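Below are the chains, spelled out letter by letter.
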Amino acid sequence: MDRNRKQRQLLALPYVLWSIAFTVIPLLVIIRYAVTDKDGHFSVSNLLAFSTPVNAKAFLISLEIALICTVICVLLAYPLVMVVRRLRISRMTFMLFFLIMPMWMNFILRMLALQMILSNNGILNMIVTGLGFQPLALANTKAAVIIGVVYDYLPFMMLPIFNTISDIGEDVLEAASDLGASPLSVFFRVILPMSLPGLKSGITIVFVPSMTSFVIADILGGGKIQLIGNIIEQEFTRSTNWNLGSGLSAALMLFMLVGMSFTIKDDILPSHPVKDEEGEKKEAPGGEGISRRAVL
Amino acid sequence: MENIIELKNVTKRFEDDGSAAVKDFNLSVKRGEFVTFLGPSGCGKTTTLRMIAGFDTPTSGSILLDGRDITALPPNKRPINTVFQRYALFPHLNIYDNIAFGLKLKKIKEDEIRKKVTEVLEIVDLAGFEKRSTSTLSGGQQQRVAIARAIVNEPEVLLLDEPLGALDLKLRQVMQRELMRIKKEVNITFIYVTHDQGEALTMSDRIVVMNKGIIQQTGDPVSIYDEPQNAFVADFIGESNIIDGIMVRDRLVKIQGVDVPCVDTGFAENEAVDVVIRPEDLDIVEEGAGFIDGLVTEVIYEGAYYDIRVMAGDYEWHIQSNMSATPGKKAGLAILPDNIQIMHKPRSSDEEIIEKD
Chain E
456 MDRNRKQRQL LALPYVLWSI AFTVIPLLVI IRYAVTDKDG HFSVSNLLAF STPVNAKAFL
516 ISLEIALICT VICVLLAYPL VMVVRRLRIS RMTFMLFFLI MPMWMNFILR MLALQMILSN
576 NGILNMIVTG LGFQPLALAN TKAAVIIGVV YDYLPFMMLP IFNTISDIGE DVLEAASDLG
636 ASPLSVFFRV ILPMSLPGLK SGITIVFVPS MTSFVIADIL GGGKIQLIGN IIEQEFTRST
696 NWNLGSGLSA ALMLFMLVGM SFTIKDDILP SHPVKDEEGE KKEAPGGEGI SRRAVL
Chain G
8 MENIIELKNV TKRFEDDGSA AVKDFNLSVK RGEFVTFLGP SGCGKTTTLR MIAGFDTPTS
68 GSILLDGRDI TALPPNKRPI NTVFQRYALF PHLNIYDNIA FGLKLKKIKE DEIRKKVTEV
128 LEIVDLAGFE KRSTSTLSGG QQQRVAIARA IVNEPEVLLL DEPLGALDLK LRQVMQRELM
188 RIKKEVNITF IYVTHDQGEA LTMSDRIVVM NKGIIQQTGD PVSIYDEPQN AFVADFIGES
248 NIIDGIMVRD RLVKIQGVDV PCVDTGFAEN EAVDVVIRPE DLDIVEEGAG FIDGLVTEVI
308 YEGAYYDIRV MAGDYEWHIQ SNMSATPGKK AGLAILPDNI QIMHKPRSSD EEIIEKD
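So the sequences go chain by chain: E and G.
Our numbering applies: residue 456 is where the first sequence begins, and numbers increase by one.
Our numbering applies: residue 8 is where the second sequence begins, and numbers increase by one.
By construction, these hints were calculated from the structure, which means they are not laboratory data.
In this text the structure is predicted, and so the values were computed from the model without any measurement.
Possibly wrong hints are sitting among the right ones.
[Claimed, not checked] Label-pair restraints from in silico Cβ distances:
{"hint": "1", "chain 1": "G", "residue 1": "Glu-117", "chain 2": "E", "residue 2": "Pro-481", "range": "54 to 60 angstroms"}
{"hint": "2", "chain 1": "G", "residue 1": "Glu-129", "chain 2": "E", "residue 2": "Ile-544", "range": "24 to 30 angstroms"}
{"hint": "3", "chain 1": "E", "residue 1": "Leu-466", "chain 2": "G", "residue 2": "Ile-115", "range": "35 to 41 angstroms"}
{"hint": "4", "chain 1": "G", "residue 1": "Thr-125", "chain 2": "E", "residue 2": "Pro-481", "range": "38 to 44 angstroms"}
{"hint": "5", "chain 1": "G", "residue 1": "Thr-125", "chain 2": "E", "residue 2": "Gly-714", "range": "28 to 34 angstroms"}
{"hint": "6", "chain 1": "G", "residue 1": "Arg-139", "chain 2": "E", "residue 2": "Ser-637", "range": "27 to 33 angstroms"}
{"hint": "7", "chain 1": "G", "residue 1": "Lys-114", "chain 2": "E", "residue 2": "Arg-460", "range": "49 to 55 angstroms"}
[As the list claims (entries may be wrong)] The calculated lysine to aspartate or glutamate pairs, modelled on DMTMM-like cross-linking and capped at a C-alpha distance of 20 angstroms, are:
{"hint": "8", "chain 1": "G", "residue 1": "Lys-84", "chain 2": "E", "residue 2": "Glu-629"}
{"hint": "9", "chain 1": "G", "residue 1": "Lys-84", "chain 2": "E", "residue 2": "Asp-673"}
{"hint": "10", "chain 1": "G", "residue 1": "Lys-111", "chain 2": "E", "residue 2": "Glu-629"}
{"hint": "11", "chain 1": "G", "residue 1": "Lys-84", "chain 2": "E", "residue 2": "Glu-625"}
{"hint": "12", "chain 1": "G", "residue 1": "Lys-337", "chain 2": "G", "residue 2": "Glu-294"}
{"hint": "13", "chain 1": "G", "residue 1": "Lys-177", "chain 2": "G", "residue 2": "Asp-132"}
{"hint": "14", "chain 1": "G", "residue 1": "Lys-113", "chain 2": "E", "residue 2": "Glu-629"}
[Said to hold, decoys possible] So these bits of chain E aren't anywhere near chain G, every CB distance computed over 10 angstroms:
{"hint": "15", "residue": "Leu-465"}
{"hint": "16", "residue": "Thr-491"}
{"hint": "17", "residue": "Ala-630"}
{"hint": "18", "residue": "Val-645"}
{"hint": "19", "residue": "Leu-651"}
Backbone N, C-alpha and C fix where the C-beta goes; we use that ideal spot for every residue, glycine too.
Just chain G, same shape as in the assembly (with noise of 0.2 angstroms):
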């Protein structure tokens, strides 16, 4: 598949304190995929999103569409549409004007215009819904004809800027699907921004985990969830015990003064290192049959699993498992080797992406 959105060496200084907001950015966007931007606020996902769409200009590197540099094209000239976080439609204009506002500036036919906004919002699910003032609408409903604003107008790109954030979670968790559908009929590059780690999984082929205006980590879904890079992924994705470990040699971590056989190699002998381990993959045991033992401090039952807490040494560990335990009890914690991820410890605070092979 070829690249239809790339970034080149992108990066970003605001202007009152030249602090980088997006440092160094490098990404390829294939066409058809749905990448979503991930990471805490004031990550850079949306000054990243921003530049896409032509907001804001990068302060160096440059944007490529198709191949073409676009770097300094204003947004009015970019074939490309996005979607707000607060919806942003015309409170002056209905429904159909709302849609029909991007293909009315082509100079478009009457009636062909009026044939797009009809289909348009049949895929928004919002058909018959032309004449209806922007204020009658729920906030979903204002979210879909925003979507329908932007995919009528057939972008090559289109951006989505935490559209789901104002969204209760109920209707959020629709939405996604729906978004899921509607991406799948119309067969646009999505370019997606979400600081919500759930959302991110759920609807993405790629998902760029970024923190501090850096790429952590690119990848699938499934690939950032089992193998995070890096304690910030693997603390951002889901839930995790990040330990200081010491890798003994290949296969053989110190944890907490025990060694404990591990599956990852090609560390440096006695190199200091992040282990970081799920809170699903431990299994609560009898006390002297796992790799450590600690005292059972908190257990809340989950429905699913129970939300466990066990102090061993210094370190609280967190574990979700479908079998119980005593608080006030000794408890051992069991794991299999494969379940345990081994980070190199970032050089900086300021740097903390570490390029795995």
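Same shape as in the complex, but just chain E (with noise of 0.2 angstroms):
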């Protein structure tokens, strides 16, 4: 069994070569840098660097926006799985094509396209003052990256919320139904607290990257809105100092490592592992034959 066990773990091989050449090489390089001065020495000012006023107020714009785009990705993505899951399988599959089909278009494309849309003469300010409302003024601000950032992540919070969601099956629903729970008890004794999981994943695919990216606040933001990512970027590429660079990257990964420890906890466990006791077969609650994960 043994022998069994080390040659599966074999397949794993191309990864490992893959993720140490990738990954774990470019980390440590990073890691060393973060950790000494121009000339080689040891130094944490580069990490201690953060906590500089211009930093420092970048990071917390950066976690703001990521905050926010998290809060109204869920927001959005509930009512979205709700209704969705209750669609014929054939209408299902064709609105998850739909949630997906953006992320098939370049990044960058997407990004200008809604610039595009949101400058202050664009698509948008068009169809408000044909409305007869005032235009607005979103170009460049705040609320233009927090809607491209959100624009850009909502299927990654979507998509596993969904996959719990749909593993719930319909008896459970109806057993709380039938135990006297309102449709608003339903969702918040049953449906919300099963699809935490889902919901782990996807606060973690979603606030992690917002939290980092810069090229969306670049674009959206036109340069006025500067993310902890954009001042490390620059340090990279203007300013080429690459242990600051390094320090404050470094810093930042720390912060999300120990921000994120809970979800990661509950990640690599699962939910509620099915024991076979009596040798009945036991299929998921509710299971219907057709995996709904299938369609993605």
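Mind docking these for me? Both chains are given alone in their own frames, and the hints should help you get the complex.
This is the structure we're talking about:
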């Protein structure tokens, strides 16, 4: 058995080599840069640079935008998922396809398109003024960046939530309402808690990248919104102070590792293992034969 | 006894093709009764149960609880609870919170809830399981939790949708007795759905046999078994020889060209009928000594009896007897007149119900 296991572990080798080459080694290089100064002497000043007023401000704005975007994504995703899960399988496939489709377009192109839409003389303002309202001044604002991030990351919030919710058996929901739960209680007492694993991975996938993104802020913020990602990028590309850039990067990574540790733990463990004691065939509750995951 | 549940002319049509799952269903269930809906899959028994629970709404007709029309009431507003076939426990809650789910929604005080949950766990024989997670339980234990979760709310009616269907035979038999004991202890009206005739005969006060969305027969287990009203019921409940016959006159039926005395009356002269004879009511006798002779084709020893097939004309008779026979030899079949059941032919395949008397 041990030998079989060892042979099976060999299958992971290509990935292990890949990640050593492109994740582990670069990470070690960044950490080395982070803790040395330009002359190669050990120094923590790059890490501490995180707390300078400019950097701290950029960090707080990044945090604010990431939090707002994550919350908006959650608030958009849940009602959407509740509607989609009720659809017949063919329509569900279409809806999911429709939601994922934007991801097939080039990212930069998508952001440039959004820039045009949101610009002061853009399509959005044409519609708004056409309806007789005051034009919106969205271009180059925090709001524009938030719209961009939500636009880009919503599918990543929706899909894991959809997966966990579509695994909930219809009979479990019926049981809740049978026991006296109103539709609202069914959501808050059953659907929401049972979808927590999906919500957690959704948050991880949305929050972390939106915290570190800089391209969206560049394009939709018009250089006026300085996120911590923009500052790090500039240290590498313009100031060419790799040590400082690496230091800020490492500090940010540390912050997020601590912040995310609570979700990572739960994501690794299965949410509710099914144990087979009496040799009975136990399907997931309401096992309908069709795995909705397959749709994705 | 007063009626707790009444179904009046309840019809349910499927939305997609308009075909009826349940047709003009009329039934009154008395308080404290154990009523079983019995029938093959697709007979409308589960649909009827779901309409009583409130998960499905009748296309027409009305459902009354204690004389009050509840047809339009959503499930959460009905004092009725359900035990589901696949248990449908909440996997994110432990046993205690699963059972307390309904009580918490009713805003009952925490110490009151604790008392009730402890009590009900004792009833279902799971005392001390409060903190366990549902995933650590066996199928039988999960079903007990599901029963506890329902009866702790002291519903007017408990609906059970094939609750033992997912369990193996042995456990199913244990749980049947358990359910009857629990029923006695909590004294709640039970409406039970199953396709297992043995289960229905064992547990019920009254059985409602259904097919194609129509009640075929309603009665206590003995009358359903001994006096099936039509060929469907006879065939579905236990095993039966069902053979074409002609009612010559009162108390005389022609089976395979032979006149056989019976006890049935009230049929038209020379009316074509279905004759139903239970395998255990037939006796193997010497050739020529019975009402008909045939060739013994198969004899299987089943322990309590011999399972024998006898080919007579174009019909293969099924006999269960403690007398053996020799395959390949001729033998006679004998029957007592009151063990012959005569039934009207169904008027159409769709409408197999015939009300007797």
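Outcome of the hint check:
Separated by about 55 angstroms at the C-beta atoms, G/Glu-117 and E/Pro-481 satisfy the suggested range of 54 to 60 angstroms. For G/Glu-129 and E/Ile-544, the Cβ-Cβ distance of about 45 angstroms falls outside the hinted range of 24 to 30 angstroms, so the restraint is violated. Range check, E/Leu-466 to G/Ile-115: Cβ separation about 55 angstroms, and the 35 to 41 angstroms hint is violated. The given range of 38 to 44 angstroms is broken by G/Thr-125 and E/Pro-481, whose C-beta atoms sit roughly 59 angstroms from each other.
For the pair G/Thr-125 and E/Gly-714, the supplied restraint of 28 to 34 angstroms is violated, since their beta-carbon distance comes to about 41 angstroms. Separation of G/Arg-139 from E/Ser-637 is about 28 angstroms and conforms to the stated range, judged on CB atoms against 27 to 33 angstroms. A beta carbon spacing of about 53 angstroms between G/Lys-114 and E/Arg-460 agrees with the range 49 to 55 angstroms that was offered as a hint. Between G/Lys-84 and E/Glu-629 the CA atoms are separated by roughly 13 angstroms; this keeps the pair inside 20 angstroms, and the hint holds.
This hinted pair does not check out: G/Lys-84 and E/Asp-673 have alpha carbons roughly 55 angstroms apart, beyond 20 angstroms. Distance restraint check for G/Lys-111 and E/Glu-629: the Cα-Cα separation of roughly 17 angstroms lies within the 20 angstroms cut-off, and the hinted pair is therefore satisfied. Under the criterion of a C-alpha separation no larger than 20 angstroms, the hint pairing G/Lys-84 with E/Glu-625 is consistent with the structure, at around 19 angstroms. Only pairs whose Cα atoms come within 20 angstroms are accepted, and G/Lys-337 paired with G/Glu-294 is accepted, the gap being roughly 6 angstroms.
For the hint linking G/Lys-177 to G/Asp-132, the alpha-carbon distance of about 18 angstroms falls within 20 angstroms, and the restraint holds. The hinted pair formed by G/Lys-113 and E/Glu-629 meets the criterion: a straight-line CA distance of about 17 angstroms does not exceed 20 angstroms. For E/Leu-465, the condition that its CB be more than 10 angstroms from all CB atoms of chain G holds, with the nearest at approximately 33 angstroms. With a minimum CB-CB distance of about 49 angstroms to chain G, E/Thr-491 clears the 10 angstroms threshold, and the non-interface call stands.
With a least beta-carbon separation of about 4 angstroms from chain G, E/Ala-630 fails to lie farther than 10 angstroms from that chain, contradicting its non-interface assignment. At the 10 angstroms boundary, the C-beta of E/Val-645 falls inside the reach of chain G, the nearest C-beta of that chain being 6 angstroms off. The Cβ of E/Leu-651 does not lie farther than 10 angstroms from every Cβ of chain G; its closest approach is about 8 angstroms, which violates its non-interface assignment.
This entry does not satisfy hints 2, 3, 4, 5, 9, 17, 18, 19, going by the numbered hints stated previously.
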